[in-house]
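Whole structure, please, built from the sequences with the hints as guidance.
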Amino acid sequence: MLLIRCPWCGEREETEFRYGGQAHVAYPADPESLSDQDWAEYLFFRDNPKGLFAERWVHADGCRRWFNTVRHTGTSEFEGTR
Amino acid sequence: MRLSTGGRIDRTTPLRYTLDGVERTGFAGDTLASAMLADGVLTVGPSPYRHRPRGIVTAGVEEPNALVQVDGEPSLTATTVELVDGLTASTLSGVGRLEPLDEQVHDKKYVHTDVLVVGGGPAGLAAALAASSGGARVMLVDDQPSLGGSLLSDREVLPWVATAEAELGTRPEVRVLTRATAFGYYDSNYVLVAQKRRLWHVRARRVVLATGAHERPLVFEDNDLPGVMSASAVRTYVNRYAVLPGQEVVVQTTNDSAYETAFDLAAAGAQVVSILDARPTPPADLVERAVSAGIEVRAGWVVRRALGTTRIVGVSTKDGELPCDLLAVSGGWNPVVHLHSQSRGTLRWDDRLAAFVPDQSVQANRVVGAANGVYGLAEALAQGAAAGVEAAELVGCPSTELALPAVRPREVTPPRPVWHASGDPDRCFVDLQRDATVADVLRATGAGLRSPEHVKRYTTIGTGADQGRTSNVPALGVIATALGLDSPGELGTTTFRAPYAPVSFALMAGRNRGALHDPVRTTPIHSWHVAAGAVFEDVGQWRRPRFYPRAGEDMDAAVLRECRAARTGVGVQDASTLGKIEVVGADAGEFLNRMYTNAFKKLTVGACRYGLMCGADGMVFDDGVTMRLAEDRFYVTTTTGGAAKVLDWFEEWAQTEWPSLDVTFTSVTEQWSTVAVVGPRSRAVVGRLAPSLDVSTEAFPFMTFRDTVLHNGIPARIARISFSGELAYEVNVASWYGLAVWRAVLAAGEEDDITPYGTETMHVLRAEKGFPIVGQDTDGTVTPHDLGMSWIVSTRKDFVGRRSLRRPDTARPDRKHLVGLLPTDPEVVLPEGAQLVAPGVPLTPPVPMLGHVTSSYRSAALARGFALALVKGGRDRIGETVVAPVGDHLIEATITEPVFYDKEGARRDGSVAELAERPMDTAGRRTASPSLRGDAVSGALLRLSPLFDHPLASGVGVRLVEIPSVPAVNVQGTADFPRPEPGSVAQWGERAVLWLGPTEWLVVGPGPDLPGGVDVSANRTTIELSGPHARDVLEKGCTLDLHPRAFSEGHCAQTTVARTQVILWQTSDAPVYRLMVRGSFARYLADWLVDASREYL
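Chain order of the listed sequences is A and B. 22 is the number that numbering that gives the first Met the number 0 gives to position 23 of the first sequence; each next residue is one higher, with no gaps. 788 is the number that numbering that gives the first Met the number 0 gives to position 789 of the second sequence; each next residue is one higher, with no gaps.
To be clear, the hints were calculated from the coordinates, so they are not data collected in a lab.
In silico SDA-like cross-links for lysine to any residue, where the CA-CA straight-line distance does not exceed 20 Å:
| # | chain 1 | residue 1 | chain 2 | residue 2 |
| --- | --- | --- | --- | --- |
| 1 | B | K107 | A | M0 |
| 2 | B | K195 | B | A500 |
| 3 | B | K644 | A | F16 |
| 4 | B | K796 | A | P30 |
| 5 | B | K644 | A | T14 |
| 6 | B | K108 | A | M0 |
| 7 | A | K49 | B | D186 |
Not close to chain B: a few residues of chain A, all C-beta gaps over 12 Å, as computed:
| # | residue |
| --- | --- |
| 8 | D46 |
| 9 | N47 |
| 10 | P48 |
| 11 | K49 |
| 12 | G50 |
| 13 | L51 |
| 14 | F52 |
| 15 | V69 |
| 16 | E78 |
| 17 | G79 |
The beta carbon of each residue, even a glycine, is placed where N, CA and C say it ideally should be.
In structure tokens form, the structure reads like this:
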């Protein structure tokens, strides 16, 4: 089980967190102007690299804050959290 | 045979035990296996598949044969069972049988340490001593009853072991666990340790693995005969347990270690017939010692076959037979690399040692001593000490001193591995527990398999309960030989997986069983429901009354009666489980506009509005009624099961997409108790309950709410909301008044024969009106349009999910629509989940499905069965017939509009008859009855905390008390008070300010209102845990590091305890902890704490 550093609460057990998937996928400013294809890209398509991955977590059982972090998907080592 | 002197057993303490029905005696300090051997019992259960006689082979956890069932517990190895008086064991062939109803308490501990040392042998002891000398927190775990590891098998135990153990005992930050097996090594240095009935979860900054090595057997014909034993095990039995497993012994070795066995056997009086050494040139010093002990050494010899039928009587060699009753075998050594490998550390094959040894560490650990292939005592001690020094340095507590014993180093001569000696391949056993032979391996390689993983699965080698501890490398050797490879190193190993040793499910479950299996959430009115004989159902973790049967009633009868009451008189339901969220801030309306499909920004203060929410994919996500309490404050309700996910959803969007919006969220689900008063007579009841409230339709219209004070002095927020189509009110009060208000409603409704009803009636009433339930009539693939609720989908604003409603698939005309179904036979109630097909369609797969039944009930109002269903293009099929194949029957039904009752909505303001029958006074206000007025008491006296009737527990070690009714305000955003540091508490006059997050605080204690705050006084209750063992109790269910260096007086944290979220606040270093828990979870947590405290009371 991973030990994850919450930027606010420090290191806590993985069970206190919820995974939020790929980071930096912004909600489109004007969804109505998007083609079906572009909207589907936003809705369904995410990267799935083996290696460093910028992703979102939320400290659900703690301070309930969302944060971004970079994790190596092969080793689950966290490279940096902010 | 038991020797008359020596050994680490206590001859003054005889222990009686029963083996296979025979009473026997051993001594304190014995294992079951050593006591058996002392009694001459060498043979254990026969092999599982070929039923060959088998004997005890080892003296430890690697034992493949000696499986026993002990006092009901199956699949234990006699070599690891500590003898106790009165023990009852039976030998097993195969795995044994789990006896049901194991009611033993199993416990967990979550602990943190600077350094974890696994293994209390010489290297581990040296590491622990070095690591702890500078004050670091060190944990040393060992699976034996006493420390010393391999040293315990020496003729005289090095005195340093006792010195080291005593020294560790004087260090306050050292914890030594004996009889404890580290069996799993997971990410971030997380190690699980099984200690009898306690499972330790250890989080370590550094780990030192000093797990030792296991001796390998040799593969030759009939090598499974009883009397063929591991040479090191023989030595252990002789020296540690004073047991001579044989009188006439042949020693077969490939390395140096078995010589000591021969010397110790000879010293103990056994006749050592010969030492057969596979090496052409054994080390001169050992040969010299053997000769002086009168033992012949035959260099370059290997046993060809074991002789005997039920046990060994001799061995066959290249030069004839040698008689013996014991063959002590050393086929070399395997470092115990299991934990290192589980930690993702890599291995390499060491040709000199002929073994896999640790290569690279991936996590923060070191492998030392025999586990690292270092077999010399002096070198192992030095390596252990160095790892301890390094760990201490890295955790910031540099070591100060270290006293290692003076040990003369001895150069170890390399072994000569022998993978397959000779003989009939079908009688050369590779895996004793799996009865797998060289012939099995050859079949696998003959079939073209090369990978050890494939051979493992083909032959089952290594898949027994012993996980191939003794068979793994010999099997690789046989495979390598068969494939013409030089060594197992060219093949690599199979994967080492946790658990290293078998772990019972009961141990993994711990307290999460029986009544504590999962939290049961209850409302403040729960005790009344229980007393009233309600039948409950689980809704998420909530336990809700489903119906209240009267004498002789089944569910159908009770529900029909309850429905009739709500439609014709008045019913009452505990709706406290509804999720509730206060949404506060200047942009609260804008935010809700973006979340709901309909508009909330312009909702007037004092009004309510039903809202529907979609996921970004446009599928219905949740629904509920929202009240606007003020310009900048909304009170959102969610479905009972959706409360947590809606809060998560709101916070995710607000924090990650729209951080500039001024809006915050506070869960107030347990702050409020909600009592739904439903039916044409509800106005009269609410009028009596709240005499100062004008309940007329004009003064108090549908979808509005009023703040008022009830006749008994309790402040209440009453809303006109209906989930049944009837005139209805929801009475909201602070939850500590929940039970009092429930009773007051019943009293106020007595003359109208008010009828409590449960979730089943609620479902029927709403289904009669065609109101869908999210999660029952929807399943994540249903849009608002599919539900026929296009009216609630705004076309003038964006909301989450809106764009998806235009996706081609989402806009298809033949999507499944929510429709009604009326079975042709009115007596029939369709089963929920039943599939629907067109009439006349042949029922041979694949059957084209039209949809399925989502809700189905018997209706009192319609006097028939009816259902809701999702049907392809359903709205275009109104009036058509469909059939539901149910068992062997086809049930016919007609598709209808989903609204069955009061289509015009005439009943929501009360029936005409009711208004005529009981005229209101001119102000629309009923006069409160004198009796009710006489009952009026101060509201405060009616407060009941969630644990008001819970006994909790107090004893010498632990004290548990509830601190009820603590005023508490949740403040988010900005603070006009002293801000505490993260994770701590600041004092503010009489109040304490607890840090909950970077912009969130809980202000606890009496004081004036706080702007922007949300009253959560009744949302949680506080359980105070104190006493000398308070931390011990908390560590059973809390993963935080509670060591005073990490958490002390004035610290607070939001975390989980057991299986519920709490705010943990340490108010004193005594220690005293406060656990602030949501009211609905309070009973669960209290039960859990009492259970966890039991050993300290």
